[in-house]
Amino acid sequence: MLYIECPWCGFRDDEEFHYGGEAHIQRPTDPNELNDEEFSEYLYLKSNPKGVILERWLHSRGCRRWFNVLRNTVTNEITEIYPIDTLPNSKEGTEYYGQNWRRKSSVEKTIKPREYK
Amino acid sequence: MNKQLFRVKDLGQVDRSKPLRFKFDGKFFVGYRGDTLASALLANGIHLVGRSFKYHRPRGILSAGAEEPNALVQVGEGNGTDPNTRATQIKLEDGLIVKSQNRWPSLLLDLGYINNLLHRLLPAGFYYKTFMWPSSWWMRYEYWIRRIAGLGEAPKGADPDRYEKTHAHCDVLIVGGGPAGLGAALAAGKTGARVVLVDEQDSFGGSLNSNTDCTVDEHTTLDWRKRTLAILEGMPEVILLNRTVATGYYDHNFLTLLETVSPGQQNQSEYKTRQRLWKIRAKRVVLATGALERPLVFKDNDRPGIMLSASMRAYLNQYGVSPGNRVLLFTNNDDAYRTAISLKENNIPIAGIVDLREDPTGELVDRIRHEGITLYPGYAIVSTTGHLRIKSVRIMKLNDDGTKVIGNAKDITCDSIGMSGGWNPTVHLFSQSGGKLEWDDKFERFLPKIANQPLISIGACNGTQSLSDCLKDGLKAGAESARATNNKGRAPGTPRVVESKCNDERAIWIIPRENSYKKNGKYFVDFQNDVTASDISLAAREGYRSVEHLKRYTTMGMGTDQGKTSNVTALAILGETLGTTAPNIGHTTFRPPYTPATIGAYAGRNVGALFDPIRTTAMHEHHEKFGAKFEHVSQWMRAWYYPKPNETMQQTINREVKAARDSIGLLDASTLGKIDIKGLDAAEFLNRIYTNSWLKLAPGKARYGLMLKEDGMVMDDGVTTHLNSNHYHMTTTTGGAASVLDWLEEWHQTEWPDLDVYFTSVTEHWAVASICGPNCRSLLAELAPELDLSDEAFPFMTVKEGDVAGIAARIFRISFTGELSFEINVPRRYGLALWQALIEKGEKYDICPYGTEAMHVLRAEKGFIIVGQETDGTVTPHDLGMDWIVSKTKNDFIGKRALSRSDMLKSDRKQLVGLLNENENEVIPEGSQIVEMLQPSPPMAMIGHITSSYYSPNCNRSIAMALIKGGKARIGKTLHIPLKNKTIKVKVTDTLFLDKNKELTDG
Amino acid sequence: MKKPASNQGMQGLRSEKEKYSIFSLARNSLTYHENWSQAWRSPEPKSEYDTIIIGAGGHGLATAYYLASQHGMRNIAVVDKGWLGGGNTGRNTTIIRSNYMWDESAGIYEHSLKLWEKLSQELNFNTMFSQRGVLTLAHTEHELKEMNRRVEAIRLNGIDSDVLNPNQIKKLVPIIDINPRLRYPVMGGFIQRRGGTARHDAVAWGYARAADSLGVDIIQNCEATGFIIEKGTVKGIQTAKGPIRAKKVGCVVSGHAGVLANLAGFRLPIDSRPLQALVSEPIKPILDTVIMSNSVHMYVSQSDKGEMVFGAGVDSYNSYAQRGSLNIIEGMLAAAVELFPVFSRLRMLRSWGGVVDTCPDASPIISKTPIDNLYFNCGWGTGGFKATPGSGHVFADLIAKDEPNLISAPFSLNRFISGYLIDEHGAAGVAH
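Chains as they are written, first to last, in our numbering: chain A, 1 to 117; chain B, 1 to 1003; chain C, 1 to 432.
Okay, chain A solo, but in the shape it has when bound (with noise of 0.2 Å):
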């Protein structure tokens, strides 16, 4: 049973969570603009790391607030909780970040990036 820390109300037991998938997959800013294959990617394709990934958690039963956690999928460790429209910090989680598949997709590049706090 994962023990995550909510940054609003602190640690409480998975069950609490609704689980968001992995994080930073930015809606298209216009999607009319991708043919079909990329609005796949978008749509359906996932990193499913085996080790670090970056991932959305909401406090469902709790103050209902979504945030981003840095886990490592192979052991579940939790290293860093950072807020959802921000990115990670840690540098395995920037380096992760940076080094994602995504950074590089013809997708990514019809995104406005968003300003992140």
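Simulated from the structure, these hints should not be mistaken for lab results. Treat the hints loosely; a few may be bogus.
List of simulated lysine to aspartate or glutamate pairs, EDC-like, C-alpha gap at most 20 Å [as the list claims (entries may be wrong)]: (1) B/K888 x B/E710; (2) B/K973 x B/E932; (3) C/K284 x B/D82; (4) C/K284 x B/E142; (5) A/K112 x B/E751; (6) B/K165 x A/D13; (7) B/K896 x A/E38.
Got chain A; can you put chains B and C on it based on the hints?
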């Protein structure tokens, strides 16, 4: 008749003033309070207690604890009976009733023993090689295999007992209340840390209870234990849990502890808890789980009377029970010597000590020699006799490398054997936590190596042997763990321990045969599943070389003991067979629970009424009074229909449906999801979420909306109303309420945080009564005199606020039936009052409450869809013929892009159409499949299915809706519905069955 | 529906391995079973193969076996990072059925079921396929209607299924509680009598032995660490034991499909999630039928050894740790006790987790990939075991012909671009 012939006078900790009567296989016996079932049976001279799983060989009590593979019994009777219970862990109580298992007709004479005679035909995995002919017969073979397999019997009825769960947090959780664990608790407790100490035994102390040959600070081990416990009990922050097994070690230092609150088997009181599952989150965990003694693998080493050396010592010193009248010890280390000394001190005849070691030395050995006990150094047992109880053994000398036995055989008679093959640290929990193990060559065992959670292993489970070291480690670990959780304090000084030193062991995994060409006899490794050394080498020869293959092929370690006494031996033997070493073999994964754990405890109280909450509306009481039948809709109980005496369901539905169109129908619509939306950007947000446009919706006006998933599939629908500036009231389907709120919040928080909009669920805040039909306006006028309800003042798809029956209400003029209709929303606590007022004043109009079934018919007559019935997650708005609600002008909304994918544009997609049965009075079963080309028999190609189907009293015929491939193009065509016993002919139409010319005002 | 495999495999067996039978057992008992031939060799990898299958689970071994027995290939290797059958093949609850709603699903699963019915004889290895029936329960009005849609579709696809009312269910499963006052009462169900269970390990071992006897090299403890790709075409793989060239490569690694796709430079619509299961202590027979309840997320059967085998739901989060969260187990056991009160006093003996590859539409992927001659078979999620023979059979066909056949075509990766998903969980619908 209290004759416990093997009870030793004045020895042990049982309470001799409290004799307890119990029944084993129909015979009465007596033991004492403080006994386990096993110790009580042994006190009565009973060693034979069970039969093995495969060969049904007679088996005795091997151990004194959780590792017991043999002594499994059926405890209690009726619905409270427990199969497969370890006699070594059953607390004896008065009136206990116990039966042996897996034998027929009796324990002494078991026909299953025939398997033992056929054993040559039944090697490991024999069933994979046979029972294949004739091919159709497997189920017949299997029938008998199933009946022979299995151990005890399940109860026949519901469990009379109650189980609870409790959550806890602590600084330091200590698992194991032996010397190391007690030391850790003492040190941690002194710092004021929140400590939980658990032990699976009835009493704390572990080895202190049986290794009475040492002293701690001049106290006997028992005294030191008593003093320590007294101190711990005085510490307010320390929780002591005995009879509590740490069953599982999960992520982030989350553990489950299964506490047996009342061990009583016939505990029938519904208010008394039998077991409690602790779900505990510990900042630090100290594992002091001890070690388990290994049996030796020699010919026919499974006879009743053969037990583990330390267990024999425990029965003697803790329970005052003598194992027999002529005891032989067989060992590869010093442990058996301690047992021998205890036996000697109590004048129990010893047949000798057979020691695999060529030249055992040390103080224990000297003591034995000095006591004049016969010692056979460098000898091994090569065979045994005795069917229901060990009678004699044959021993021979080992050659230098222990691969052969040489010289003359010597026969020794005995009635019990204490054996010791060394010790396996209990690393189960450490391994469950994700920790890595390391092989220790010196003592041939696995030790904890790298932990990946905040824990520490101490004492015997970490390979520590001497009592003094265990105490030292314990105190240190306790203090450190406490400090690591911000408690201050230092470990108390280590007590002075007087004990005799133990020396190394000589590991010989399989005792050599008397003569290598004779291959008879069995060398058991896993006693419960009858896995022998030759089974293991057979598996290896056949290519099952991974330890997991070995386990699965031979069932090694898969019994109820999970191989506690056998796993390490087995993989060492596998290693030898493959010419490699145990570390290269690796080990099987340790899985929760540590010992088998009651399923009821994991279910806890979440059964029966508490399995899942039931939601009811404010008017529920009234529906019940009206004799309503209810249906489950997600967690809600909704009034389904209101039958009058001797009405059929169809008659009721017809009556309700007609009333709604002829006069007034009354529906409890409270369960619809309601979300209150506010904010400067509320309209913009709705515009992105719904398929149609929302920017220009004036205050006071309502609009129907459809929500899509990003993949273009219909997700939910409902009417949303612009109450006043930037304040909206959204309704959703009953089942979709929660997921829609999540959906809105997710998009807002994760994609559009810049939008100023707020969502609040108000589903439970409003009770909703919906009245519809030609007379509903007059009724409402009576109840809300100061409201102008004229079409001009209160047009379709608008909202008004005002008093209804003296209750402040929000009234929506919206319709799910096509009829003139008002949905009256009042605060929940006034719901019943509103409902009663409507019924009263409505009487002169024959107002008729209708349920969900009539609602379905009414909306179907008008071709309105229900999400989840006309849709199933694969249906787009266009498939539903609802193009009108998909904005052509909006550049984007959730799901828009997906609608233009190539497969979405195909004309042969399944589309919603109406169907008319050529037999007007026959209602087609919902879900029926539709075909174009009828075949004499299946298989035949299906082109769609019925989504809704009813008898419509207003159309005086049956009507149906269906999703059909290329449906729109088929309108006017005839299709077939082949049911199991008949075929129905249907005509394809549009989905508007009533009011074809749209004369109804609120369509 | 395609014809089941012929038994060329068997001829291969006769030529190379001693045939298993009661007679060979008797014969070998005279020599204390010391002369049994190896079920499979443990060869070192050659430098090149015609085809390499990554993943020695049931699906991978079956693929290799059918490549050899159906398509006459001989120069085949199956590599695995661990021991054969060690993934989800050895961790599932062994339920076998073909009563799916969509035609495409019915196609592949029924193809598979037909192969199951002959498998023990074809492989000359007792897979203990036991057609004890799979009963799926309905607990609400809505579920009953959904059930009827399902049952009618199954029937018209020519697959067996019977609807049962609560009393018929009680007769078939005496220990079930059909009290209508239950929170989720048993309102009905449908049974596929041809469905049942099999011995999961035996399936892997049987295919391994049969494939080995046809010359397939099964190379265990040899992790695939990368692909050799030249000009968009796969030419082999990198492994713990060095590079191995190959003309074609098939990946059947369930939970790790995403990891391998990543190595090949593309992504899959797959999330890897924990799926948990557990068994009780063995007891004398009390349950002959396999019971499934989707609305309370519980399925259970009793093994030949006597253990009650429970399957739970999938954990919500991605993980490669073969463990899940306790609350999933608690919820499932509460449902089990609710339906089967006698389970309360039984004891959980062992619980474990697997890593399942879940697709957005809960349907598998059997497909060519952006890399030529590289094929993927994955996305089986919680339902892979029952498909083992069929999946291997059609995947072998795809690899051999480089073209999907009628059964596998709907499961190509293209569906995620065109939008023609085969939504098996969507079919559950939303309550109105």
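Results for each hint:
no. : hint            : result
1   : B/K888 x B/E710 : 17 Å, holds
2   : B/K973 x B/E932 : 10 Å, holds
3   : C/K284 x B/D82  : 13 Å, holds
4   : C/K284 x B/E142 : 13 Å, holds
5   : A/K112 x B/E751 : 12 Å, holds
6   : B/K165 x A/D13  : 15 Å, holds
7   : B/K896 x A/E38  : 15 Å, holds
Figure legend: structure checked against the earlier numbered hints; every hint is met.
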